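Single-letter residue listing:
Protein chains: 6
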Amino acid sequence: MIATVGRKAHFNAAHRLYRPDWSDARNESVFGKCNNPNYHGHNYELIAELTGPIDPETGYVFDIKHLSDLIEREVEARFDHKNLNLDCPEFAQLIPSAEHIAQVIWNLLRPHLPINLQLKITLYETPRNFVVYKGEQTH
Amino acid sequence: MIATVGRKAHFNAAHRLYRPDWSDARNESVFGKCNNPNYHGHNYELIAELTGPIDPETGYVFDIKHLSDLIEREVEARFDHKNLNLDCPEFAQLIPSAEHIAQVIWNLLRPHLPINLQLKITLYETPRNFVVYKGEQTH
Amino acid sequence: MIATVGRKAHFNAAHRLYRPDWSDARNESVFGKCNNPNYHGHNYELIAELTGPIDPETGYVFDIKHLSDLIEREVEARFDHKNLNLDCPEFAQLIPSAEHIAQVIWNLLRPHLPINLQLKITLYETPRNFVVYKGEQTH
Amino acid sequence: MIATVGRKAHFNAAHRLYRPDWSDARNESVFGKCNNPNYHGHNYELIAELTGPIDPETGYVFDIKHLSDLIEREVEARFDHKNLNLDCPEFAQLIPSAEHIAQVIWNLLRPHLPINLQLKITLYETPRNFVVYKGEQTH
Amino acid sequence: MIATVGRKAHFNAAHRLYRPDWSDARNESVFGKCNNPNYHGHNYELIAELTGPIDPETGYVFDIKHLSDLIEREVEARFDHKNLNLDCPEFAQLIPSAEHIAQVIWNLLRPHLPINLQLKITLYETPRNFVVYKGEQTH
Amino acid sequence: MIATVGRKAHFNAAHRLYRPDWSDARNESVFGKCNNPNYHGHNYELIAELTGPIDPETGYVFDIKHLSDLIEREVEARFDHKNLNLDCPEFAQLIPSAEHIAQVIWNLLRPHLPINLQLKITLYETPRNFVVYKGEQTH
Numbered sequence: 000m001i002a003t004v005g006r007k008a009h010f011n012a013a014h015r016l017y018r019p020d021w022s023d024a025r026n027e028s029v030f031g032k033c034n035n036p037n038y039h040g041h042n043y044e045l046i047a048e049l050t051g052p053i054d055p056e057t058g059y060v061f062d063i064k065h066l067s068d069l070i071e072r073e074v075e076a077r078f079d080h081k082n083l084n085l086d087c088p089e090f091a092q093l094i095p096s097a098e099h100i101a102q103v104i105w106n107l108l109r110p111h112l113p114i115n116l117q118l119k120i121t122l123y124e125t126p127r128n129f130v131v132y133k134g135e136q137t138h
Numbered sequence: 000m001i002a003t004v005g006r007k008a009h010f011n012a013a014h015r016l017y018r019p020d021w022s023d024a025r026n027e028s029v030f031g032k033c034n035n036p037n038y039h040g041h042n043y044e045l046i047a048e049l050t051g052p053i054d055p056e057t058g059y060v061f062d063i064k065h066l067s068d069l070i071e072r073e074v075e076a077r078f079d080h081k082n083l084n085l086d087c088p089e090f091a092q093l094i095p096s097a098e099h100i101a102q103v104i105w106n107l108l109r110p111h112l113p114i115n116l117q118l119k120i121t122l123y124e125t126p127r128n129f130v131v132y133k134g135e136q137t138h
Numbered sequence: 000m001i002a003t004v005g006r007k008a009h010f011n012a013a014h015r016l017y018r019p020d021w022s023d024a025r026n027e028s029v030f031g032k033c034n035n036p037n038y039h040g041h042n043y044e045l046i047a048e049l050t051g052p053i054d055p056e057t058g059y060v061f062d063i064k065h066l067s068d069l070i071e072r073e074v075e076a077r078f079d080h081k082n083l084n085l086d087c088p089e090f091a092q093l094i095p096s097a098e099h100i101a102q103v104i105w106n107l108l109r110p111h112l113p114i115n116l117q118l119k120i121t122l123y124e125t126p127r128n129f130v131v132y133k134g135e136q137t138h
Numbered sequence: 000m001i002a003t004v005g006r007k008a009h010f011n012a013a014h015r016l017y018r019p020d021w022s023d024a025r026n027e028s029v030f031g032k033c034n035n036p037n038y039h040g041h042n043y044e045l046i047a048e049l050t051g052p053i054d055p056e057t058g059y060v061f062d063i064k065h066l067s068d069l070i071e072r073e074v075e076a077r078f079d080h081k082n083l084n085l086d087c088p089e090f091a092q093l094i095p096s097a098e099h100i101a102q103v104i105w106n107l108l109r110p111h112l113p114i115n116l117q118l119k120i121t122l123y124e125t126p127r128n129f130v131v132y133k134g135e136q137t138h
Numbered sequence: 000m001i002a003t004v005g006r007k008a009h010f011n012a013a014h015r016l017y018r019p020d021w022s023d024a025r026n027e028s029v030f031g032k033c034n035n036p037n038y039h040g041h042n043y044e045l046i047a048e049l050t051g052p053i054d055p056e057t058g059y060v061f062d063i064k065h066l067s068d069l070i071e072r073e074v075e076a077r078f079d080h081k082n083l084n085l086d087c088p089e090f091a092q093l094i095p096s097a098e099h100i101a102q103v104i105w106n107l108l109r110p111h112l113p114i115n116l117q118l119k120i121t122l123y124e125t126p127r128n129f130v131v132y133k134g135e136q137t138h
Numbered sequence: 000m001i002a003t004v005g006r007k008a009h010f011n012a013a014h015r016l017y018r019p020d021w022s023d024a025r026n027e028s029v030f031g032k033c034n035n036p037n038y039h040g041h042n043y044e045l046i047a048e049l050t051g052p053i054d055p056e057t058g059y060v061f062d063i064k065h066l067s068d069l070i071e072r073e074v075e076a077r078f079d080h081k082n083l084n085l086d087c088p089e090f091a092q093l094i095p096s097a098e099h100i101a102q103v104i105w106n107l108l109r110p111h112l113p114i115n116l117q118l119k120i121t122l123y124e125t126p127r128n129f130v131v132y133k134g135e136q137t138h
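Chains as they are written, first to last, in numbering that gives the first Met the number 0: chain A, 0 to 138; chain C, 0 to 138; chain W, 0 to 138; chain X, 0 to 138; chain P, 0 to 138; chain D, 0 to 138.
Read the hints as simulated data drawn from the structure, not as lab findings.
Treat each hint with caution, since some may be false.
Chain copies aren't distinguished; within one or between two, either way the pair holds.
Simulated crosslink set (DMTMM-like; lysine to aspartate or glutamate; CA at most 25 angstroms straight-line) [stated by the list, open to error]:
1) Lys64 x Asp23
2) Lys133 x Asp62
3) Lys133 x Asp20
4) Lys119 x Asp23
5) Lys119 x Glu27
6) Lys32 x Asp86
7) Lys119 x Glu75
8) Lys64 x Glu44
9) Lys7 x Asp20
10) Lys7 x Asp23
11) Lys64 x Glu27
12) Lys64 x Asp54
None of these values were measured; they are calculated from a predicted model.
Start from the sequences, fold in the hints, and give me the full structure.
Here you go:
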């Protein structure tokens, strides 16, 4: 039988949405307040979900404690209390929009998870704004 | 790469579930307390989600500020602090069940959004009751 | 030892803020959207708190099940799925502002509770707006 | 048109993750703190979702009051304030992991629901850990 | 200037409300479902608040990291994934009602905190039931 | 009769806890991760509460719409999407700890509110950490 297990985690960080190859006016026009040169910040609420077969012996799809430890090591230790633009090489060439942060987190967790489990990342940037990324590509 | 962006919004309204072509007894039997002739009301929590490709230049699927403004103009301005049955022509011939309200909201937002983005509406009528509508039809 | 026990409950209702002895213009000016003649509505989240001595034999300040039953009988049965202005005699002469609703609920519950317990009512009209009433008077 | 209706419910229970055919060391290694011989417990938050066509006459996919009553009778009455391992025959031979509890709830509700509606169960074991079960099997 | 700092924490546990010096009938009558001999359980959400002067040099009333560590060591390590009646000597002679658990937590934390800070404990036993304890006595 | 009205609001910002008159080692020792030279950030959830007499004519302690507008103008416009240390003169000489931010907000709102209403500020820096400030001083 197939089920999903999910784990919520938390980190907070500063960021700025900005393209150095654009004029200030265009950055301001596209990114608005998120373009503040001195950065702003968020409490990011992360939900990682794994979908796959239930192991009949343990009743687990995946040990949620292992998932929690993995998120702590790969995501929280990397991004918590950081400036995503300045402190995190993952965003040196990548705008730290919520979509991109979710994609980066998916890429960080994916190699450490069993190949037969699907991974879905939901990231709340504020209590009212969120994104979802599942590693899917357009065709 | 494909991702989803979501935005939460809020409006409150009065409504009544009632069919004029039914007897009072049948209305009472089917709609129970929701059939109160003097109306009752809810704080509706709305979640609009858009799924499509991430624009590599901006890192956006869709600018969440635009989505927020669109919801404010098309949904909140129309339904907030209103009596759905009496004040809103959308429900003149349509029972304002949560399912129908979600469908109406989907129909109001859909024409203003890029054709390549899928739209999903989640509507909480109370903190414990909700509906989801994605524009899908039975085959 | 003194402690507080609290219980959350829920009801939803329609209402309108309006004074018949005022002109339409003044009602509109003071009550804004809340003055809609066709009513609007809310999910009211109620928190009732009782403060007093812990009974050393039971470990209870007050049996939370009794508090829950009392709220159901005195508040939910009276106001849930109702139009406060039209269906509820408590608001025949009293504007159903959140402050007044909290006061009415306090007055409904108070006589059924032990005299040595203090009662505090918190009422959320929306997830962002709330009031508190403790039966206090100005001096 | 197709929509989903969802209902949140609640029960609390004690449980223990443990296999009698394993050594204590292996139980401890696999299940960690969840293997406490004296049990521990949780407030389980349950979300049941039904997906299917909207009845154009009522505006309902399924009467949420009926769904709520069904959950109360089949799930809450069975598991609320119980020890899942000792009091509930459903878990006599089945480890009460969150995945298994969600599966059992799905199996309890499914026979009482119209065949054309899909059922999805989400179960929060803690505010940070949850599972989803939709009756799907691997191929 | 005086301010309050608060920290939320979490543990889950099994318990039973029961007095061995009472008959089964009386235990059942007073404690109802909470008297289940096989125990039931909860996710306890704990809020610890400290009130006192803001240190002008640090801007802190009390370092929230220290408060968080203290709660982890004194409360979570002691009660998380435990059976309060069987595993915790604090409740060997004390009914583990929410009121008493809050009182025990207050007594555990108090000696480790500066004397000039007031301590307030709020404990949610379920999302709808909670207690507050501040170390106050009747006069 | 006396009641309280409360309003929740939201802003997000970057900040850093740091004293230029301290060595790096002491800053690190006291402020830990919050001392990151490149800043980090939060979604700040603000609750403003006003306590005073209910106006019998309107049923209001204070028009919640006015309170909401005041918070938007005095707090959100000033701090939302800002770096508190670099963009906000209020924190040029004041460490932007949660306690100090709450105090600054209290001082910003107080002059615009009726003298007979008490003001209480609650500020969540993360979903688990918060502070309260009521303008009280030690004696």
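Here is how each hint holds up against the structure:
In the homo-oligomer, the alpha carbons of lysine 64 and aspartate 23 lie at most 25 angstroms apart only across protomers (19 angstroms), although the nearest pairing inside one protomer, at 45 angstroms, exceeds that limit. Taking the shortest Cα distances, lysine 133 and aspartate 62 sit within 25 angstroms of each other both inside one copy (20 angstroms) and across copies (20 angstroms). Taking identical chains as interchangeable, the C-alpha atoms of lysine 133 and aspartate 20 are never at most 25 angstroms apart, the minima being 29 angstroms within one chain and 38 angstroms between chains. In this assembly of identical chains, lysine 119 and aspartate 23 lie within 25 angstroms of each other by CA distance neither inside one copy nor across copies; the values are 35 angstroms within and 34 angstroms between.
Proximity of lysine 119 to glutamate 27 under the C-alpha cut-off of 25 angstroms is found in neither arrangement, the shortest distances being 32 angstroms within a copy and 29 angstroms between copies. For the identical chains of this complex, lysine 32 and aspartate 86 are neighbours both inside a copy (21 angstroms) and across copies (13 angstroms), given an alpha-carbon limit of 25 angstroms. In this homomeric assembly, lysine 119 and glutamate 75 come within 25 angstroms of each other (Cα to Cα) only inside a single copy, at 17 angstroms, whereas the closest approach across copies is 30 angstroms. Both within a single protomer and between protomers do lysine 64 and glutamate 44 lie at most 25 angstroms apart by alpha-carbon distance, with minima of 18 angstroms and 19 angstroms respectively.
With identical chains, the CA atoms of lysine 7 and aspartate 20 are never at most 25 angstroms apart, being 36 angstroms at best within one copy and 32 angstroms at best between copies. Taking the closest pair of Cα atoms, lysine 7 and aspartate 23 never come within 25 angstroms of each other, the shortest separation being 37 angstroms inside a single copy and 30 angstroms across copies. For the identical chains of this complex, lysine 64 and glutamate 27 are inter-copy neighbours only, at 13 angstroms across copies versus 43 angstroms inside a copy, given an alpha-carbon limit of 25 angstroms. For a Cα distance limit of 25 angstroms, the shortest separation of lysine 64 from aspartate 54 inside one copy, 16 angstroms, qualifies, whereas the shortest one across copies, 35 angstroms, does not.
Taken one by one, the earlier hints fail for this structure at numbers 3, 4, 5, 9 and 10, listed in ascending order.
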